[in-house]
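Asks: Chain order of the listed sequences is S and U. Going by my numbering, the first sequence opens with residue 3, and the numbers climb by one from there. Going by my numbering, the second sequence opens with residue 3, and the numbers climb by one from there.
By construction, these hints were calculated from the structure, which means they are not laboratory data. A portion of the hints provided could be inaccurate.
Identical chains blur together in the list; that is why a pair holds if it fits in one copy or across any two.
[Claimed, not checked] Heads up, simulated SDA-like pairs for lysine to any residue below, C-alpha to C-alpha not over 25 Å straight-line:
| # | residue 1 | residue 2 |
| --- | --- | --- |
| 1 | K73 | L105 |
| 2 | K73 | A19 |
| 3 | K73 | G87 |
| 4 | K76 | V51 |
| 5 | K49 | D108 |
| 6 | K76 | A19 |
| 7 | K49 | E26 |
Number of protein chains: 2
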Amino acid sequence: MKFEPLCCPPTGDAKTAIQESDAEFAQLAAALGHPARVAIIRFLKQKGVCICGEIVEVLPLAQSTVSQHLKTLKEAGLVQGETDGPRSCYCLNPAALERLRVLLGDL
Amino acid sequence: MKFEPLCCPPTGDAKTAIQESDAEFAQLAAALGHPARVAIIRFLKQKGVCICGEIVEVLPLAQSTVSQHLKTLKEAGLVQGETDGPRSCYCLNPAALERLRVLLGDL
DNA sequence: TTCATTCATCGTAAATATACGATACAATGT
DNA sequence: ACATTGTATCGTATATTTACGATGAATGAA
Chain S
3 MKFEPLCCPP
13 TGDAKTAIQE
23 SDAEFAQLAA
33 ALGHPARVAI
43 IRFLKQKGVC
53 ICGEIVEVLP
63 LAQSTVSQHL
73 KTLKEAGLVQ
83 GETDGPRSCY
93 CLNPAALERL
103 RVLLGDL
Chain U
3 MKFEPLCCPP
13 TGDAKTAIQE
23 SDAEFAQLAA
33 ALGHPARVAI
43 IRFLKQKGVC
53 ICGEIVEVLP
63 LAQSTVSQHL
73 KTLKEAGLVQ
83 GETDGPRSCY
93 CLNPAALERL
103 RVLLGDL
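All chains should be modelled from the sequences, with the hints used to inform the complete structure.
Replies: Here it is as structure tokens:
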């Protein structure tokens with residue numbers, strides 16, 4: 003049995019199995035789809051706030067690579083970054099993690 | 003609740019390097035890092051069991067592409083496939099999803 | 001100013017991901 | 001035996017990811 007919403011007749015509903023929330027979930031999941039980025043999230047959770055250099059010290063990756071991973075996490079909304087002088091302070095965005103938990107719960 | 007000395011970090015756990023569980027989490031997350039694969043998981047959840055062709059019918063992708071996504075999900079352990087005559091029956095592996103929830107909870 | 005520090009970005013090379021059509025292959029039907 | 005059906009896999013083209021060193025921008029100290 004197929005349940006179509008009665009309210010909004012889609013414009014060509016033949017192949018609409020991929021939903022908006024699928025893309026939202028996939029974006030968050032993809033951001034966590036690399037071990038280094040998971041480690042960064044754990045580190046931020048433990049530290050609360052830290053600067054980029056602290057993460058570089060702990061990971062077996064070049065500074066530019068860590069910065070790239072941080073950018074990925076930032077673009078997905080999982081972390082927030084704030085410039086503080088020559089440093090960059092990073093911290094988690096708990097709302098994004100919670101959003102991922104909700105979406106995973108719906109799955 | 004955690005009182006770490008600010009000065010000299012203890013010898014053992016100062017390094018929060020990339021852990022085994024980070025890779026495990028990342029593998030599951032990466033498998034869900036594409037909208038089509040999220041849609042497949044949703045479809046399997048709704049259908050319980052279905053053959054490859056049913057998924058091909060509802061996704062705007064070629065059969066070979068869907069088969070490739072299914073392989074990715076299978077390699078991550080998120081779905082199980084079993085051949086039934088000329089068909090392939092797929093279903094979810096709830097344990098893998100639960101594992102992901104646990105790992106995400108720890109995060 | 002000049003130098004050092006901190007980080008983001010650029011340029012790039014290698015690896016992986018994504019998509020498709022074509023093909024192979026196994027099981028069933030005629 | 002032969003064709004049909006449902007999938008997996010191959011080959012391939014393009015796009016993205018991942019990693020690094022080099023460079024640049026911004027700040028603070030000398």
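Asks: All hints are to be evaluated individually against the structure, with a verdict given for each.
Replies: Quick rundown of the hints versus the structure:
1. K73 <-> L105: both (23 Å within a copy, 23 Å between copies)
2. K73 <-> A19: between (30 Å within a copy, 19 Å between copies)
3. K73 <-> G87: Within one copy only: 18 Å inside, 48 Å across.
4. K76 <-> V51: within (14 Å within a copy, 37 Å between copies)
5. K49 <-> D108: between (30 Å within a copy, 15 Å between copies)
6. K76 <-> A19: So K76 and A19 pass the 25 Å test across copies only (20 Å; inside, 28 Å).
7. K49 <-> E26: Classified as between: cross-chain Cα gap 22 Å, same-chain 27 Å, threshold 25 Å.
Every hint, counting from the list given before, is met by this structure.
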